[in-house]
Amino acid sequence: MSGTLDKYPTMKLIKEIKLFCCVFSALLFSCSDSLNFDQADTLVAEPEIEASILYIEAPERIINEAAGTDFFVQDFNFDAFSSDFFAERVVEGTVAYVIENTTSKQLEVTVEFLDESGTTLDSEVFMIDPAPAAPLEREILYGGIGRNLDIVTNTSSIRVSAENVLGDTTSTSNLPDPKVILKSKGKFKLSVI
Amino acid sequence: MKKHMILIIALFGLGSYALGQNKSLLYDFSEIPQSLMVNPGVQSDFKWYAGVPALSHLSFQVGSSGLSANTLFANDGLDFNDKVRDRLIFGMSPNDELSGNYQIELLNIGFRGRDTGNLYSAGIYHEGDAIGYWFKDYAILAFEGNADRVGQRFDLGHLKTRGDVLNVFHFGVNHQWKRNVTIGARAKIYSSIASFDSSKNKGFFVTTEGQNNLLASTLDADLKWRTSGIFDLRAAEEDGTIASTVLKKGFFGGNLGLGFDLGFTYNLNEQTVITGSLLDLGFIYHTKDVMSYSLKGNATVEGVEIILPDALNDPNADFWQELVDEVEQFIPFEDNNKNYITFRPTKLYASIRYDFGEQVPPKGNCDCGPYATLGSFRAKYANSFGGQLYMINRPRGPQAALSAFYLRRLGNVMALKTTYTIDKFSYTNVGLGLNLQAGPVNLYVMADNLLGYGNIANSNYASFQLGLNIISWGKN
Chain Y
1 MSGTLDKYPT MKLIKEIKLF CCVFSALLFS CSDSLNFDQA DTLVAEPEIE ASILYIEAPE
61 RIINEAAGTD FFVQDFNFDA FSSDFFAERV VEGTVAYVIE NTTSKQLEVT VEFLDESGTT
121 LDSEVFMIDP APAAPLEREI LYGGIGRNLD IVTNTSSIRV SAENVLGDTT STSNLPDPKV
181 ILKSKGKFKL SVI
Chain L
194 MKKHMILIIA LFGLGSYALG QNKSLLYDFS EIPQSLMVNP GVQSDFKWYA GVPALSHLSF
254 QVGSSGLSAN TLFANDGLDF NDKVRDRLIF GMSPNDELSG NYQIELLNIG FRGRDTGNLY
314 SAGIYHEGDA IGYWFKDYAI LAFEGNADRV GQRFDLGHLK TRGDVLNVFH FGVNHQWKRN
374 VTIGARAKIY SSIASFDSSK NKGFFVTTEG QNNLLASTLD ADLKWRTSGI FDLRAAEEDG
434 TIASTVLKKG FFGGNLGLGF DLGFTYNLNE QTVITGSLLD LGFIYHTKDV MSYSLKGNAT
494 VEGVEIILPD ALNDPNADFW QELVDEVEQF IPFEDNNKNY ITFRPTKLYA SIRYDFGEQV
554 PPKGNCDCGP YATLGSFRAK YANSFGGQLY MINRPRGPQA ALSAFYLRRL GNVMALKTTY
614 TIDKFSYTNV GLGLNLQAGP VNLYVMADNL LGYGNIANSN YASFQLGLNI ISWGKN
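Protein chains in written order, with our numbering: chain Y, 1 to 193; chain L, 194 to 669.
No wet-lab data here; the hints were simulated from the structure.
The structure presented is a predicted model; accordingly, all values stated were derived computationally and were not measured.
Beta carbons: idealized from backbone N, C-alpha and C, even for Gly.
Honestly, I wouldn't trust all of these hints.
Quick list of the computed label-pair ranges, beta carbon to beta carbon [what the hints assert, rightly or not]:
id : chain 1 : residue 1 : chain 2 : residue 2 : range
1  : Y       : ARG61     : L       : LYS489    : 33 to 43 angstroms
2  : L       : ILE649    : Y       : ASP79     : 46 to 56 angstroms
3  : Y       : SER83     : L       : LEU582    : 31 to 41 angstroms
Kindly generate the complete structure, drawing on both the sequences and the hints.
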């Protein structure tokens with residue numbers, strides 16, 4: 001064990017303090033790369049959200065039981081597009097439809113987007129061949145080079161109508177559980193930042 | 194607006210894994226009275242000490258594991274949106290966290306009792322600490338959305354954050370139990386000023402192929418956000434009474450809690466010492482100005498579904514509203530004022546130290562020989578080196594840091610401590626602490642991650658501590 005040190009030598013102390021100051025200064029010599037916080041102004045956040053919109057299923061029995069050729073007309077309240085969060089941020093998007101027909105009928109299905117007063121803003125007509133037929137798929141673009149985006153943002157309800165084109169109310173498809181099905185989904189880009 | 198958004202995002206990216214409250218430089222630096230605050234069982238030889246009010250200990254610590262300012266804001270000509278996407282949103286993991294801490298000691302005094310083996314300490318300090326993990330899947334949803342991500346589960350558990358602003362009132366006893374054992378304990382009363390906690394979230398959001406329609410959106414959520422004290426502060430800010438409200442809440446008018454610190458020092462032999470401490474083993478019971486929010490339940494929707502002919506039974510049916518109501522029924526968003534408990538982030542320190550070199554002349558009543566008896570203080574050596582372990586309890590589990598240190602005493606005037614701290618995220622954290630003793634006046638200053646100051650914009654961690662005390666060993 002080393003001897004007790006009664007008094008630390010002054011010169012040694014000064015020397016060690018100098019050494020410490022040099023090391024500390026070197027370590028603390030602070031500098032910084034050039035930063036540009038204005039870059040944040042260029043930030044764009046435009047998430048694309050995707051979800052189903054409307055699903056309608058009608059068995060062939062409904063078509064055969066209808067009095068006229070227009071076997072189905074219905075308006076559906078749909079506030080998702082006109083909600084503030086969506087309407088104020090949507091940039092563009094698509095609505096995709098898939099129609100499957102396993103009935104023996106040729107059908108014409110019309111989908112209309114209506115505003116709050118019931119005025120038709122946009123309509124899409126689908127001519128569907130009787131079964132067996134491949135599902136009819138269609139995508140409608142809104143915004144950008146597509147249809148006017150205001151159609152979507154002003155849509156308050158959706159009207160779906162279906163017509164039995166040839167008026168055949170007697171035949172029945174030999175496929176199991178014949179029906180006509182309308183499926184749809186929307187994919188929209190929103191401007192969040 | 195965008196700058197604010199980025200700053201918030203960057204703040205959540207600035208995470209220091211467990212380093213946020215690690216005081217490796219102060220730990221076992223027994224010349225400094227505040228070393229008692231990180232180990233109540235530290236070997237100390239003060240007769241009494243008094244911290245200069247509000248200046249006896251100031252500490253600020255913040256760090257980042259995920260990114261630095263340079264990562265996003267470097268003037269490198271790269272597209273900013275690409276940097277945000279590649280380095281922030283997809284570059285960081287949910288384990289990256291923000292961990293910041295500050296402490297301002299308002300009052301700290303210590304004195305020996307009649308039994309000189311007992312050193313009593315008491316004081317008040319103000320503390321703020323917060324942690325936020327990178328909410329990666331929320332960020333992906335916010336910046337990229339869920340489109341074309343069929344089957345990808347967005348983990349709602351990525352939101353984990355908590356924070357407190359509080360005053361801590363403490364009273365501790367440091368007792369030299371045996372010649373080679375010193376133990377200590379401290380009781381704490383927490384007076385919370387404001388608190389938030391959202392650290393036990395679970396659930397997911399996923400888009401899959403629908404059973405009927407083209408897509409099915411499923412939300413399975415168990416989210417909670419609990420706060421206390423925040424609404425009072427907001428109201429006080431509007432009324433212009435923020436200062437008095439903070440004072441009132443900080444001095445037993447807020448939500449109260451109880452905690453303990455424990456610690457020991459044990460001399461394995463004359464020159465080899467092990468130490469350990471457990472800090473903030475406590476809780477806060479939130480009963481005042483409590484506001485909690487929850488979102489719990491699960492639902493799967495495939496849009497508005499109309500299946501004929503049943504759907505036409507009610508010609509006035511509002512299928513959209515029914516869908517909204519159904520979702521709200523299955524996943525209710527609720528708020529309440531129920532009391533709740535939060536636990537303090539408990540810290541653990543442990544160290545082994547080897548002392549060598551010349552003995553430093555004692556300041557206190559030292560009977561320094563090997564046959565010295567209880568009640569005397571051990572001599573200090575000019576040099577010490579060793580290793581320290583630090584662990585802290587975090588929302589994602591304990592996190593650890595390991596430090597090697599060297600302490601050099603230059604007489605009784607000056608002491609230096611340098612540390613090299615390593616954890617799974619940092620291999621270059623070198624710290625330096627200086628303690629100066631000019632008569633009864635004690636000044637210390639400490640800084641971590643000094644190499645980071647070479648380019649502060651690229652630094653992931655910074656910490657600074659300083660303090661001013663008056664110390665007496667009974668001789669001055």
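How the hints compare with the structure:
1. ARG61/Y x LYS489/L: 33 to 43 angstroms: Because 42 angstroms falls inside the window, the suggested range holds.
2. ILE649/L x ASP79/Y: 46 to 56 angstroms: holds, 51 angstroms
3. SER83/Y x LEU582/L: 31 to 41 angstroms: Violated - the Cβ-Cβ distance for SER83/Y and LEU582/L, about 54 angstroms, lies outside 31 to 41 angstroms.
Violated hints amount to a single one, hint 3; each of the other numbered hints is respected by the structure.
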